[in-house]
Amino acid sequence: MCVLLRIPGVYEPQGDTFLLREALRCVTLPPHAEALDACTGNGLIALTAARLGAARVLAVDSSPLAVASAKLNARLAGLPVRVRLGDFLTCAAGRRFDLVTANPPYVPCPPRPPARVGVGSLGPARAWHAGEDGRRQLDRLCAAAPDLLTDGGVLLLVHSALCGVDRTLRDLRDRGLDASVAQRRRQPFGPVLHAHARWLEERGLIAPGQRDEELVVIRAVRRSTPA
763 MCVLLRIPGV YEPQGDTFLL REALRCVTLP PHAEALDACT GNGLIALTAA
813 RLGAARVLAV DSSPLAVASA KLNARLAGLP VRVRLGDFLT CAAGRRFDLV
863 TANPPYVPCP PRPPARVGVG SLGPARAWHA GEDGRRQLDR LCAAAPDLLT
913 DGGVLLLVHS ALCGVDRTLR DLRDRGLDAS VAQRRRQPFG PVLHAHARWL
963 EERGLIAPGQ RDEELVVIRA VRRSTPA
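So for the sequence shown, our numbering puts the first residue at 763; every next one is plus one.
Everything labelled a hint here was simulated from the structure, so no lab data went into it.
This structure is a prediction, so every number in the text was calculated from the model and none was measured.
Incorrect hints may appear among the rest.
[As the list claims (entries may be wrong)] With a straight-line Cα cutoff of 25 angstroms, these simulated SDA-like cross-link-like pairs (lysine to any residue) come out:
#, residue 1, residue 2
1, 833, 844
2, 833, 851
3, 833, 925
4, 833, 774
5, 833, 849
6, 833, 866
7, 833, 846
8, 833, 769
9, 833, 780
10, 833, 872
11, 833, 856
12, 833, 848
13, 833, 858
14, 833, 854
15, 833, 815
16, 833, 853
17, 833, 767
18, 833, 855
19, 833, 813
20, 833, 791
21, 833, 814
22, 833, 787
23, 833, 852
24, 833, 847
25, 833, 766
26, 833, 857
27, 833, 775
28, 833, 794
29, 833, 777
Make a model of the complete structure from these sequences and hints.
Here's what the structure looks like:
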């Protein structure tokens, strides 16, 4: 098992990352596959894609600390992973990929995250704060997926059921992708969701006293264009 380095201030891989890795291990990549890992964090998923046979992996994150961590881990592993700082759609513009993986921010949050779990939009909260419905980045990914994937290309997207599994499936299917839930897992709330629990109850997103969530990995495949 590989141990990755993580610069302080970079969001630590948790249950969602490991669930995404499980789903990724079930994907068969074509020869010379190219992959995109959006919101890469310390690079765990990007490096996994390279180890599973991706010839080139583009890993993107908006956090300079995350990019530094991922670059360091890719260099130490000697894997074909290029890491870029910025927005994943901007960095991937004009390219198509055989595999797209994403663990974007998806936690429904009040307009300003509580100070005790983040330091604002320029701090750790960027790793989870995704607007009041949790879909600030999810909707962008769903909209862009057909243009990011090659024919037969696979998208693996992990998020909480709190921000709408059916909505993600519908959005992807409406754009011509074959979408389904590849993995599910329930887990206790971590510190972030505990800090927002009362607000989530007030919004009706969780039941009173609920302190666990379901995580899902959505798998979507771009249908091959008839010859």
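How the hints compare with the structure:
1. 833 <-> 844: Measuring from Cα to Cα gives roughly 7 angstroms; hence the hint holds.
2. 833 <-> 851: Distance of about 19 angstroms is within 25 angstroms: holds.
3. 833 <-> 925: violated, 31 angstroms
4. 833 <-> 774: Within the cut-off at roughly 16 angstroms; holds.
5. 833 <-> 849: Since the Cα atoms of residue 833 and residue 849 sit roughly 17 angstroms apart, the hinted pair holds (cutoff 25 angstroms).
6. 833 <-> 866: holds, 19 angstroms
7. 833 <-> 846: holds, 9 angstroms
8. 833 <-> 769: holds, 11 angstroms
9. 833 <-> 780: At roughly 20 angstroms apart (the allowed maximum being 25 angstroms), residue 780 and residue 833 satisfy the hint.
10. 833 <-> 872: Cα-Cα ~32 angstroms, so violated.
11. 833 <-> 856: holds, 23 angstroms
12. 833 <-> 848: This hinted pair holds, its Cα atoms lying about 14 angstroms apart.
13. 833 <-> 858: Judged against 25 angstroms, a Cα distance of about 22 angstroms means the pair holds.
14. 833 <-> 854: holds, 17 angstroms
15. 833 <-> 815: holds, 19 angstroms
16. 833 <-> 853: Roughly 16 angstroms separates the two Cα atoms, so the pair holds.
17. 833 <-> 767: holds, 10 angstroms
18. 833 <-> 855: holds, 21 angstroms
19. 833 <-> 813: holds, 16 angstroms
20. 833 <-> 791: The hint holds at about 23 angstroms.
21. 833 <-> 814: OK: residue 833 and residue 814 at ~19 angstroms, within 25 angstroms.
22. 833 <-> 787: holds, 22 angstroms
23. 833 <-> 852: holds, 19 angstroms
24. 833 <-> 847: This hinted pair holds, its Cα atoms lying about 10 angstroms apart.
25. 833 <-> 766: Holds - the C-alpha atoms of residue 766 and residue 833 are around 11 angstroms apart, at most 25 angstroms.
26. 833 <-> 857: Holds - the C-alpha atoms of residue 857 and residue 833 are around 21 angstroms apart, at most 25 angstroms.
27. 833 <-> 775: Given pair residue 833, residue 775 holds - Cα atoms ~16 angstroms apart, limit 25 angstroms.
28. 833 <-> 794: holds, 22 angstroms
29. 833 <-> 777: holds, 23 angstroms
Consistency with the previously given hints fails for numbers 3, 10, ordered from lowest to highest.
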